[in-house]
Amino acid sequence: MSDAFFTVEYLTAGYGKATVLHNVSFTLSAGSVTLLTGRNGVGKSTLMKSLIGLVPTSKAMVRLENTTLITARKPGNPIEIARAGIGYVPEERRVFSDLSVAENLIAGEKQGPGPVWNQADIMELFPPLRPLLSRRAGQLSGGEQQMLAIARTLMGAPKLLLLDEPSEGLAPVIVNRLAGALRDLAARGLTILIAEQNWRFAISVASDVLVMDQGQIVHRDSMAGFAADTDAQSRLLGIGNS
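Residue numbers for the sequence shown, in the working numbering: 76 to 317.
Cross-link-like lysine-lysine pairs, in silico, BS3-like; alpha carbons within 30 Å at most:
| # | residue 1 | residue 2 |
| --- | --- | --- |
| 1 | Lys149 | Lys185 |
| 2 | Lys134 | Lys92 |
| 3 | Lys134 | Lys149 |
| 4 | Lys149 | Lys234 |
Hints were generated in silico from the structure; no laboratory data involved.
Quick caveat: nothing in here was measured; it's all calculated off a predicted structure.
Produce the entire structure from the sequences given, and follow the hints as far as they go.
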């Protein structure tokens, strides 16, 4: 049996009769920060959702450490997957807009298998949230909502954090602050998978790279290796060499 922390094999998934993902296979090492990237529409968000049971798989084997979460005969169950230790922050930054920041954090509290977080830990990770604890989440800026969405997910004590386009639509100063927080999480040993197209942000936080095209993983490398491979960047991501 593989000693990988997180294993995905031959995952095939889609919507109705439309297959979006084709035999996706990869592994994540414990404590790694892996960038999942590719051009628009290649299936990154669908893959994220399929890993937590929000998109049905026609075949797959998904395992977190020694716990098998999805197989061909066992569809993904979002509640079971979350309890096993996978936290997911969607692209939409879902927060409870009518609840305060503090109430959102309380709502996220779960007895997960990963490191336990409390409000003081969250304030240390995201200091801008400290003066906003009593403010309704719907009144926060986009960057503040993104910090809260990640913070609330951490309150569930995950071992693996999935982030879908975390920097999208955020001001550069907020993106830099978010990058610092993710580096802090990585230093604490949390394993992170980030679907992201902001190259400057991604290169500042990720240790490894998975590149998707047409619903498949077509390239994998260390971030250092991929950052130095301008031909691969141009061919796979459209980052020009001019």
